[in-house]
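Using the sequences plus the hints, can you model the full thing?
As a plain string of letters, each chain reads:
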Amino acid sequence: MASRQRKKRATAGDEPPTAVGDDGAADPSTAARSEPESEPTGEREEHRDPELNRWADAIRIDSDVFESKTEIFSLEELRERVARLGTQPGVREIVRFVREVGLPRIERLVARWLASREVREIDDFGFEPAFIEPLEAVAKWFHDNYFRVESRGLEHVPDEGRVLIVANHSGTLPYDGAMVVTAVREQHPSHRRVRALVEDFIYHVPYLGTLMTRMGAVRACQENAVRLLEHDQATLVFPEGVKGIGKLFKKRYRLQRFGRGGAIRLAIKARAPIVPCAIVGAEESMPLLSKVGWLARPLGLPYIPVTPTLPLLGPLGLIPYPTKWTIDFGPPIDIPSYAADALDDRVLVNRLNEQVRSSIQEMIDRRLRERRSVFFG
Amino acid sequence: MSKASGDGPGRPYRVALTGARTFFGERLIAALEEDPACEHIAALDIRPPESGRTKTRFSRLDLTDPSSDDQAAQVLKDDGIDVLCHLAFLAHPSHASSWAHELEAIGSFYIMNAAATAKVPKVVLRSTTAVYGAHPTNPAFLTERHLLRGEPKSRWVMDKVAAERELARLRKDCPQMVCTALRFGMTMGPTVRSWWSRMLTRQSVPRLMGYDPMMQFLHEDDAVDALLKAVREDHPGDFNVVAPGTLYYTDVLKLGGRVGVPMPHLLGYSFGNLLFNLQLADAPGTFLNYLRYTWVADDRRMREQLGFSPRYTSREAIVAFYQSLARRDGTQATGLARGAV
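Quick mapping for you: the protein sequence lines, in order, are chains V and X. Per our numbering: the first sequence ends with 382, consecutive numbering throughout. Per our numbering: the second sequence ends with 496, consecutive numbering throughout.
Bear in mind the hints are in silico, worked out from the structure with no lab data behind them. Glycine is no exception: its CB is placed at the ideal position from the N, C-alpha and C atoms. Certain hints may be false.
To be verified - Here are the computed distance ranges between Cβ atoms for each label pair:
| id | chain 1 | residue 1 | chain 2 | residue 2 | range |
| --- | --- | --- | --- | --- | --- |
| 1 | V | Lys248 | X | Leu422 | 30 to 36 Å |
| 2 | X | Arg353 | V | Ile99 | 51 to 57 Å |
| 3 | X | Leu302 | V | Arg376 | 44 to 50 Å |
| 4 | X | Ala481 | V | Glu126 | 21 to 27 Å |
Stated by the list, open to error - Covered by chain V, according to a simulated footprint, are these stretches of chain X (three or more residues, beta-carbon under 8 Å):
| id | stretch |
| --- | --- |
| 5 | 291-301 |
| 6 | 409-422 |
Structure, rendered in structure tokens:
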């Protein structure tokens with residue numbers, strides 16, 4: 006600090022600063038003067054005596070000269086040039102502007118960034134609205150411009166209160182979940198956020214589990230789902246699970262078994278209506294040709310997908326193809342009204358399960374018959 | 156079920172405590188000394204408690220001694236004890252794990268046997284929500300019905316599970332007895348110390364790369380209040396006693412200005428064990444599971460059946476801890492200035 010002040014004074018006094026030695030020679034007196042007012046650095050403190058100071062500077066200058074021979078640009082020289090530049094009439098104003106206006110502004114920016122790091126609001130499940138907002142914009146772009154999602158029957162999703170959306174799962178990577186959530190968020194009059202129930206394995210994989218939790222997903226188990234519904238949340242479930250999303254392209258649009266009827270028991274337990282949901286277009290966005298199991302197991306994943314582009318193009322292969330999507334929401338199936346005591350009757354639960362499954366299959370088949378092109382609908 | 160609630164002095168009762176010299180023992184004795192309904196406190200430990208006053212009578216009891224069940228039963232019978240509080244548990248994982256096993260698992264076995272022999276009407280056990288274990292398959296909120304899976308590799312946790320099993324056995328053997336287990340969340344506050352608070356005292360704290368579980372705490376004052384409530388009123392059953400609100404682990408570190416040192420989980424466990432064996436870490440590597448998976452407990456039963464609501468939230472509890480550290484060290488707790496409370 007002290008030395009920088011001294012240097013400025015030396016150059017401002019119009020001494021020829023080309024020779025480094027001149028500065029050093031002018032040094033001891035100014036240094037001695039500046040010492041009481043400016044805080045002395047540790048180095049200065051050692052040589053309080055001006056005589057010693059001169060010696061110390063002489064030694065340092067010697068080493069500087071020596072270095073300047075070996076280096077292209079000595080640091081000292083560079084500093085000199087910058088300091089001289091700073092005294093030029095036009096530049097001086099710019100420097101002052103940066104110091105008085107620019108730096109505080111940067112400081113404020115840093116402070117704001119630090120403040121944004123502070124502990125943010127989350128809900129009981131770890132959902133962080135501030136975290137998902139920028140991601141929602143990305144999802145909206147995919148929804149509007151990339152997949153050009155066409156949603157029908159959104160009026161079947163209630164504006165408030167608990168509801169269980171049961172959908173078919175497809176497309177290798179869970180883009181379908183993101184699109185259902187976005188469709189309700191953007192196009193439903195209530196703009197409610199649908200909470201998705203996700204597979205167990207996600208929580209074994211580093212980063213993925215935390216990421217999904219922050220985005221509002223919840224591990225699929227009865228306790229969690231009942232709690233979500235009791236909080237009157239719209240909950241999205243894919244009863245097919247990994248079997249659905251990981252089915253090969255040749256089996257596209259053929260619904261897999263709906264687990265063990267967990268979704269039905271959930272609806273009965275939480276007294277929530279079921280809204281069937283059929284997603285068409287996701288199957289072709291990432292056609293799964295083959296699955297590699299042995300490589301996936303050590304990573305905690307159920308399989309490593311092989312699509313026409315996935316291992317071939319590296320991470321670029323994760324980008325889905327721009328197929329035309331449609332999402333159909335069917336009229337709510339009010340299971341609690343006629344199955345209040347069906348919880349213990351597993352056969353009845355399974356029958357209801359099959360009923361929901363076939364209604365979704367029908368919706369898919371109807372849509373497939375109407376569709377003329379995979380990419381243009 | 157509650158017999159004595161509210162403001163009145165209620166039915167007089169006589170209490171015995173094991174682990175009277177532990178943090179909870181000392182604080183509970185101090186609270187019971189103030190309670191007019193409490194007539195007598197039999198403090199059992201290897202050293203006399205410091206907070207004992209006129210009602211407290213100390214008897215030396217070493218739970219690692221095979222005859223301790225006999226000695227305990229004698230005290231319980233002679234003093235006409237109404238409530239037995241079993242608090243003799245270690246807050247830190249011990250390097251002498253077989254001694255710790257004798258004290259916690261076998262000691263609980265002895266104490267429960269003594270309670271059955273002396274026909275004590277009520278037993279209160281201090282447990283921890285760590286007995287559920289941190290597993291990726293845990294639901295977001297663990298209810299009391301959930302299996303006590305613990306951490307199979309950690310004796311410290313499994314000894315706590317064993318103590319719970321002893322209480323469950325006592326409940327089955329003596330159905331007329333009121334058996335209460337209070338499962339405390341991680342207890343934090345200005346004075347309580349555990350492996351967890353010791354870890355957070357350091358400037359750099361381990362963190363597993365890619366994992367950020369939800370955390371939940373309990374303020375020490377609330378823990379003592381819950382114990383007192385269980386002593387004064389009859390609430391048979393297991394209760395999670397936890398503060399409302401959850402925080403991400405990274406936010407817990409952020410609140411205290413701690414630096415999370417990221418470790419890959421494949422190396423972290425053996426590295427943690429190495430550090431623990433060198434006495435450089437506060438807990439063995441298996442405890443990293445508690446920093447990896449969520450083990451948040453559900454407080455509905457505590458609110459509805461125990462009728463207890465903590466005064467401090469999880470965040471307030473952890474901030475109280477950090478503030479006490481800052482006061483002790485005479486430093487400004489970094490990060491606390493910004494929206495901490």
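Okay, the stretch 291-301 of chain X and chain V, do three or more residues pass the C-beta test at under 8 Å? holds (count 6)
For the hint 21 to 27 Å, verify it against the beta carbon of Ala481 of chain X and that of Glu126 of chain V. For Ala481 of chain X and Glu126 of chain V the Cβ distance comes to about 25 Å; the hint holds.
Count the residues of the stretch 409-422 of chain X with a beta-carbon closer than 8 Å to any beta-carbon of chain V: does the count reach three? holds (count 3)
Holds or violated: 30 to 36 Å for the Cβ distance of Lys248 of chain V and Leu422 of chain X? holds (34 Å)
Range first: 51 to 57 Å. Now tell me if the beta carbons of Arg353 of chain X and Ile99 of chain V are that far apart. holds (53 Å)
Within 44 to 50 Å or not, the Cβ separation of Leu302 of chain X and Arg376 of chain V? holds (48 Å)
Violation of the numbered hints given earlier is absent; every hint is satisfied by the structure.
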